[in-house]
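Chemist: Chain by chain, the residues run as shown.
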Amino acid sequence: MGSRWPTLLLCLLLCLVAGGCAREPDGQTIRFWAMGREAEVVSTLLREFEREHPGIRVELQQIPWTAAHEKLLTAFAADGLPDVCQLGNTWIAEFAALDALEPVQARVDASTVIDQDDYFPGIWATNRVDGVLRGVPWYVDTRLLFYRKDLLAEAGIEAPPRTWAEWERAMAAIVRAGPPGRHAVLLPVNEFEQPLSLALQTGEPLLREDEGRGNFRSPGFARALAFYARIFEQGWAPPVSETQISNVWDEFFRGSYAFYLSGPWNIREFRRRQPPALADAWGTMPLPGPDGPGAGIAGGTSLVLFRSSQRKDAAWRLVEFLSRPDIQQRFHAMIGNLPPRRSTWEHPGLAGDELARAFRDQLERVRPTPQVLEWERIAQEIRLATERVVRGGQPQRQAAAELDARVDAILEKRRWVRRQEQEAAR
Amino acid sequence: MRASLAAWVFAAPALLVLAVFFGLPVLAAALLSLTDFDLYALADPAHLRFVALDNYLALLRTPLFWKALGNTTYFVAVGVPLSIAVSLGAALLLNSPLARMRGLMRTALFAPVVTTLVAVAVIWRYLFHTGYGLVNWALGHLGIAPVDWLGDPRWAMPTIILFAAWKNFGYNMVIFLAGLQTIPQELYEAARIDGASRWRQFLHITLPQLGPVLLLVGVITVSGYFQLFAEPYVMTRGDPLQSTVSVLYYMFEEGFRWWNLGRASAVAFVLFLVILGVTALLLRAGRRRDLL
Numbered sequence: 000m001g002s003r004w005p006t007l008l009l010c011l012l013l014c015l016v017a018g019g020c021a022r023e024p025d026g027q028t029i030r031f032w033a034m035g036r037e038a039e040v041v042s043t044l045l046r047e048f049e050r051e052h053p054g055i056r057v058e059l060q061q062i063p064w065t066a067a068h069e070k071l072l073t074a075f076a077a078d079g080l081p082d083v084c085q086l087g088n089t090w091i092a093e094f095a096a097l098d099a100l101e102p103v104q105a106r107v108d109a110s111t112v113i114d115q116d117d118y119f120p121g122i123w124a125t126n127r128v129d130g131v132l133r134g135v136p137w138y139v140d141t142r143l144l145f146y147r148k149d150l151l152a153e154a155g156i157e158a159p160p161r162t163w164a165e166w167e168r169a170m171a172a173i174v175r176a177g178p179p180g181r182h183a184v185l186l187p188v189n190e191f192e193q194p195l196s197l198a199l200q201t202g203e204p205l206l207r208e209d210e211g212r213g214n215f216r217s218p219g220f221a222r223a224l225a226f227y228a229r230i231f232e233q234g235w236a237p238p239v240s241e242t243q244i245s246n247v248w249d250e251f252f253r254g255s256y257a258f259y260l261s262g263p264w265n266i267r268e269f270r271r272r273q274p275p276a277l278a279d280a281w282g283t284m285p286l287p288g289p290d291g292p293g294a295g296i297a298g299g300t301s302l303v304l305f306r307s308s309q310r311k312d313a314a315w316r317l318v319e320f321l322s323r324p325d326i327q328q329r330f331h332a333m334i335g336n337l338p339p340r341r342s343t344w345e346h347p348g349l350a351g352d353e354l355a356r357a358f359r360d361q362l363e364r365v366r367p368t369p370q371v372l373e374w375e376r377i378a379q380e381i382r383l384a385t386e387r388v389v390r391g392g393q394p395q396r397q398a399a400a401e402l403d404a405r406v407d408a409i410l411e412k413r414r415w416v417r418r419q420e421q422e423a424a425r
Numbered sequence: 000m001r002a003s004l005a006a007w008v009f010a011a012p013a014l015l016v017l018a019v020f021f022g023l024p025v026l027a028a029a030l031l032s033l034t035d036f037d038l039y040a041l042a043d044p045a046h047l048r049f050v051a052l053d054n055y056l057a058l059l060r061t062p063l064f065w066k067a068l069g070n071t072t073y074f075v076a077v078g079v080p081l082s083i084a085v086s087l088g089a090a091l092l093l094n095s096p097l098a099r100m101r102g103l104m105r106t107a108l109f110a111p112v113v114t115t116l117v118a119v120a121v122i123w124r125y126l127f128h129t130g131y132g133l134v135n136w137a138l139g140h141l142g143i144a145p146v147d148w149l150g151d152p153r154w155a156m157p158t159i160i161l162f163a164a165w166k167n168f169g170y171n172m173v174i175f176l177a178g179l180q181t182i183p184q185e186l187y188e189a190a191r192i193d194g195a196s197r198w199r200q201f202l203h204i205t206l207p208q209l210g211p212v213l214l215l216v217g218v219i220t221v222s223g224y225f226q227l228f229a230e231p232y233v234m235t236r237g238d239p240l241q242s243t244v245s246v247l248y249y250m251f252e253e254g255f256r257w258w259n260l261g262r263a264s265a266v267a268f269v270l271f272l273v274i275l276g277v278t279a280l281l282l283r284a285g286r287r288r289d290l291l
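As they're listed, the protein sequences go chains A and B. Residue numbers are given in numbering that gives the first Met the number 0: position 380 of the first sequence equals residue 379, and the series is strictly consecutive. Residue numbers are given in numbering that gives the first Met the number 0: position 80 of the second sequence equals residue 79, and the series is strictly consecutive.
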């Protein structure tokens with residue numbers, strides 16, 4: 000009995016040595032966490048990845064979006080992060096601050112698949128925190144206008160508006176021409192993306208002083224807030240949350256409003272519900288900007304490697320695979336998410352899609368939000384401040400001043416940490 | 000002396016478990032609530048600061064905390080009496096000499112207590128769905144327009160109260176049932192001879208005799224209902240318009256969504272004080288009536 004132990008030990012040692020020396024990631028299992036609907040869809044692509052890389056097995060874990068953030072942070076605290084993960088790009092700053100993300104610039108430079116210049120610059124920038132590249136964009140989410148062509152024509156508007164001034168004229172004309180009760184636009188007040196999109200368009204930074212304080216008393220934000228508030232003051236938009244409208248799609252086709260500011264997933268929803276008579280009567284258009292076609296938010300998710308991973312090379316292969324234009328195109332066909340690479344958009348399936356074209360156009364101009372880990376809380380505060388103006392009738396200057404104060408309070412720890420780091424560096 | 004030493008030895012295992020799994024965590028949370036433990040501190044312990052009572056003071060200045068406390072108070076003020084009334088009613092029915100198939104009924108009424116909350120919450124969400132829910136369908140037959148039960152700020156909390164009362168009444172019912180069976184039948188007999196109606200028998204015999212049980216049930220239910228969390232977490236996520244954010248849900252968001260564990264610990268201690276205060280009042284009221 001006892002004589003068997005040394006052999007076993009030797010075997011074990013050999014295995015360890017062999018495992019440590021192996022160049023080719025053979026017989027490895029990488030753990031991949033994906034979220035929501037993406038996780039359901041990506042599994043079919045993973046089977047193909049495994050066929051191309053016989054040595055690598057992917058263990059996919061599906062996480063609901065509502066639980067994702069907690070789960071990731073708890074996994075970080077418990078040292079249980081996966082090898083590769085889909086990460087909302089507003090969370091990248093957070094996990095970068097935790098130093099949980101592997102810098103990937105060197106891998107990107109060496110890659111024959113991932114070409115940085117092929118990506119839309121605004122979305123690529125969301126993955127760069129303090130100058131370090133922490134991930135590769137997987138898909139983009141930006142918000143633009145769905146609109147009723149027939150209602151615009153009815154109001155005498157020939158071309159979709161391109162500037163805020165043109166948009167205002169169009170909204171006024173639509174309300175004037177329509178039956179009583181018609182609104183020009185739906186901007187649900189329970190979502191931060193709408194006011195944030197407008198605020199990003201002015202080009203004014205949202206935070207100042209090394210992103211340590213709010214910059215909401217600036218002329219740029221004041222202009223965006225004034226424009227946003229005027230839409231409600233004039234009665235062009237109803238001051239309601241999305242939950243108060245039982246069915247945003249039906250109401251759109253019923254003509255309750257001519258514009259709806261929303262995201263790419265709604266292309267599919269609108270298509271599914273369109274009455275046959277209105278099939279050609281609606282479309283998408285880039286968001287009008289202050290002085291010309293405007294910017295939009297650069298939401299979406301990225302693929303990241305965790306620093307704690309022991310199988311980064313194999314995991315990177317998966318990132319490369321999912322970043323290939325042909326794979327991205329199929330991913331888009333399955334789920335409707337917007338690909339972040341220009342070459343993917345040249346694929347006939349996407350280039351020929353009338354409704355996606357406005358998104359393609361706007362993606363060239365998307366802007367990242369500040370890369371601070373407090374960003375989601377700040378975005379919520381922006382929403383609450385605009386809601387107080389629109390629903391609570393608070394003066395705009397006061398709302399902006401209060402917003403600055405709240406954001407400054409949220410960022411207090413960041414300022415302190417930055418000071419500490421600077422002193423330590425000296 | 001000997002006897003007390005032996006007592007300590009016998010109690011030691013239980014005390015040890017309590018100290019390790021309850022005392023220490025509570026102490027740690029108390030210390031945590033005096034710091035600003037957050038993501039920065041998680042990344043680097045050097046970023047942890049001692050802030051004394053700042054978390055508590057900031058909490059008292061946070062509108063959402065007060066809103067959560069208001070929502071929770073609403074839930075307790077309506078939910079506890081409703082739940083106790085339903086439990087008592089069910090217990091009285093089961094205890095009635097006319098009741099048939101008592102064992103089956105007792106099991107059926109107790110079943111919601113032992114079912115998984117998440118599973119039944121999902122079913123309730125279907126029942127109360129605006130479009131194809133059974134409740135709105137039934138109301139429709141009575142000519143009542145559909146109500147957006149979980150999406151309307153006015154109705155979301157009442158729906159959750161109804162759900163919680165249904166889910167929990169069985170537990171108290173069993174306690175009441177035990178209490179009812181200890182009331183001597185002679186008292187009812189004497190009352191009947193004096194010509195007391197059923198209602199007067201209930202008021203003057205059943206209720207006073209159940210006094211201590213009522214107090215016990217009241218204290219347990221109040222402290223349980225103040226810790227409202229799973230129902231809004233599964234059914235509404237605090238929406239609509241934060242009308243179902245409870246104190247515990249707020250604590251969860253602070254702690255595990257924003258990772259402000261210092262602030263979240265402070266919430267826990269404030270909630271503890273609130274529950275302690277309310278149950279102390281209940282106990283004092285009970286003592287005045289000689290229920291203890």
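There could be a bad hint or two in this list.
[Claimed, not checked] For lysine-lysine, the following BS3-like pairs were computed, each having C-alpha atoms within a straight-line distance of at most 30 Å:
(1) A:Lys-311 x A:Lys-70
(2) B:Lys-166 x A:Lys-412
(3) B:Lys-166 x A:Lys-311
(4) A:Lys-148 x A:Lys-412
(5) B:Lys-66 x B:Lys-166
(6) B:Lys-66 x A:Lys-70
[To be verified] To give an idea of the interface, some chain B residues facing chain A are shown, with a C-beta separation under 7 Å as derived from the structure:
(7) Tyr-39
(8) Trp-258
(9) Ala-267
[Said to hold, decoys possible] Quick look at which bits of chain A chain B covers, simulated, 3 or more residues with Cβ under 8 Å:
(10) 60-69
(11) 94-104
None of these hints come from the bench; they were simulated from the model. The C-beta atom is built at its ideal place from N, Cα and C for all residues, glycine as well.
Chemist: Taking each numbered hint in turn, which are not upheld by the structure, reported in ascending numerical order?
Modeler: 2, 3, 4 and 9
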